[in-house]
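Protein chains: 2
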Amino acid sequence: MAAWARAVRGLLLDISGVLYDSGGEGGGVPIAGSAEAVRRIKASGLKLQFCTNETQATREKFVKKLQGLGFDISVAEVTAPAPAACRLLKERGLRPHLLVHDDLVPEFADIDKTNPNCVVIGDAAENFSYANLNEAFRVLIGLEKPVLISLGKGRYYKETDGLKLDVGAYMKALEYACDVEAEVVGKPAKAFFESALAEMGVPPEQAIMIGDDIVSDVGGAQQCGMRAVQVRTGKYRECTACPWPVTS
Amino acid sequence: MAAWARAVRGLLLDISGVLYDSGGEGGGVPIAGSAEAVRRIKASGLKLQFCTNETQATREKFVKKLQGLGFDISVAEVTAPAPAACRLLKERGLRPHLLVHDDLVPEFADIDKTNPNCVVIGDAAENFSYANLNEAFRVLIGLEKPVLISLGKGRYYKETDGLKLDVGAYMKALEYACDVEAEVVGKPAKAFFESALAEMGVPPEQAIMIGDDIVSDVGGAQQCGMRAVQVRTGKYRECTACPWPVTS
Chain A
1 MAAWARAVRG
11 LLLDISGVLY
21 DSGGEGGGVP
31 IAGSAEAVRR
41 IKASGLKLQF
51 CTNETQATRE
61 KFVKKLQGLG
71 FDISVAEVTA
81 PAPAACRLLK
91 ERGLRPHLLV
101 HDDLVPEFAD
111 IDKTNPNCVV
121 IGDAAENFSY
131 ANLNEAFRVL
141 IGLEKPVLIS
151 LGKGRYYKET
161 DGLKLDVGAY
171 MKALEYACDV
181 EAEVVGKPAK
191 AFFESALAEM
201 GVPPEQAIMI
211 GDDIVSDVGG
221 AQQCGMRAVQ
231 VRTGKYRECT
241 ACPWPVTS
Chain B
1 MAAWARAVRG
11 LLLDISGVLY
21 DSGGEGGGVP
31 IAGSAEAVRR
41 IKASGLKLQF
51 CTNETQATRE
61 KFVKKLQGLG
71 FDISVAEVTA
81 PAPAACRLLK
91 ERGLRPHLLV
101 HDDLVPEFAD
111 IDKTNPNCVV
121 IGDAAENFSY
131 ANLNEAFRVL
141 IGLEKPVLIS
151 LGKGRYYKET
161 DGLKLDVGAY
171 MKALEYACDV
181 EAEVVGKPAK
191 AFFESALAEM
201 GVPPEQAIMI
211 GDDIVSDVGG
221 AQQCGMRAVQ
231 VRTGKYRECT
241 ACPWPVTS
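Residue numbers (UniProt numbering), protein chains in the order written: chain A, 1 to 248; chain B, 1 to 248.
Hint data in this document are derived by calculation from the structure and do not stem from the laboratory.
Glycine is no exception: its CB is placed at the ideal position from the N, C-alpha and C atoms.
Among the hints, a few may not be true.
DEER-style ranges, computed between Cβ atoms [stated by the list, open to error]: (1) Thr114/A / Gly33/B: 37 to 47 angstroms; (2) Gln206/B / Lys145/A: 42 to 52 angstroms; (3) Glu60/B / Gly142/A: 31 to 41 angstroms.
Chain A side only, calculated, beta carbon under 8 angstroms to chain B, not exhaustive [said to hold, decoys possible]: (4) Ser129; (5) Ile141; (6) Tyr156; (7) Lys158.
Build out the structure end to end from the sequences listed, making use of the hints.
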């Protein structure tokens, strides 16, 4: 065993595409062996924090779903973009217009949303209608200094019935329309990984990130000084066999 | 009068934001003086071609609307992206999946659309639903060599009830999701201006483009060797007074 491997004290685990594939009637399907893997990591004495860009539900609701799918997971173990965005909004006195999933709105319950001076975009799924995207665009372009905060910048993700556009695609649409650059909260932002590491109390050189996204998970963790492992589930595709780009 | 001005033999006229603002019950409102301006240009003996990125209707339907608004205009005088795209599709044996406005579909009537090997995106307006954008994404990402053809790349335009996201924003979303670069048919593509000039039989140095879009109209025409004039109607905003970017 290499010296660096013996030094590992904590793991950051992506959820969607690593532990389960989202979508369908039950909200998703566990990936074979993943619930057992979580149990074994915890039993091993390694620190574990779940590090997700999930923005289709509050952490509470998300964790309940995962528990229902057989995972040993609690809210405190989950680092997610919405709470990080709330901290940022409060620090900077920003009042968001939200373009997010209905189920995520409660995360912003104690945030002042009157007379918006920024737009927060998450994986809004069905809420990415023409009307809603236009509305967010009009808020943004009407600001003296447009501020766009994006909960992640993923290109797409895999649900049980196939690939879906992720928040990054819609972020790019608004960036282009308003000639602004979004501030990304969530993976691959360095501050986001750092807050997940702080939750574990483990420095980056003693942690490993495990995910299916080569940019958001692997690239982001490496930028933060961690090692990272890309799993072959979720959106992962064999480079030589795949009809689509492997980066996402 | 300058020598170059005396040499001018033809004008290219943008339509939306220059002759009228689209939207509302009657399909739009003429901009004051514009119908008279068209009549005077024609009476002067100057050649005139309308050069539009309009993709919310067939040229026939579009021209009928403009005639109803009082403009002296015929189908043959209109250079528009859809016919240009059809020529390109035929030349290259491409079978499109269409993400366009319902009213534009008839322009592609004699194009083979079975088993698509490319995506054509236009200003689909209400058709830019989450489901439709996902469908176009899946077609594109499923291709060995994704080909995305965009009918223009405008950021936004002005309708009677306010600014609307244009095709360029959605083009950027698909470009990002699939890691491809779209081929733009329509302004500001050089080939598009050249085909409009060919219709008039006037070389670029003897023509002037008139439009409200600094990138698609003015920049595109200049790249093509023409002079160009930006009007102060449509999406134009006074640089110093405007809360949003003037480029679009």
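Just to be sure I understand the hint, the distance between the Cβ atoms of Gln206/B and Lys145/A should be within 42 to 52 angstroms; is that true here? holds (43 angstroms)
Item to check | Distance restraint evaluation - Glu60/B, Gly142/A, Cβ atoms, bounds 31 to 41 angstroms | outcome: holds (36 angstroms)
When the least beta-carbon distance from Ser129/A to chain B is tested against 8 angstroms, hint result: holds (6 angstroms)
Does Lys158/A hold up as a contact with chain B if the rule is Cβ-Cβ below 8 angstroms? violated (11 angstroms)
Does the Cβ pair Thr114/A, Gly33/B satisfy 37 to 47 angstroms? holds (42 angstroms)
Minimum Cβ distance from Ile141/A to chain B below 8 angstroms? holds (4 angstroms)
Requested in this report: Mind checking the CB of Tyr156/A against every CB in chain B and telling me if the closest is under 8 angstroms?
Outcome: holds (5 angstroms)
When held up to the earlier numbered hints, the structure conflicts with hint 7 and nothing else.
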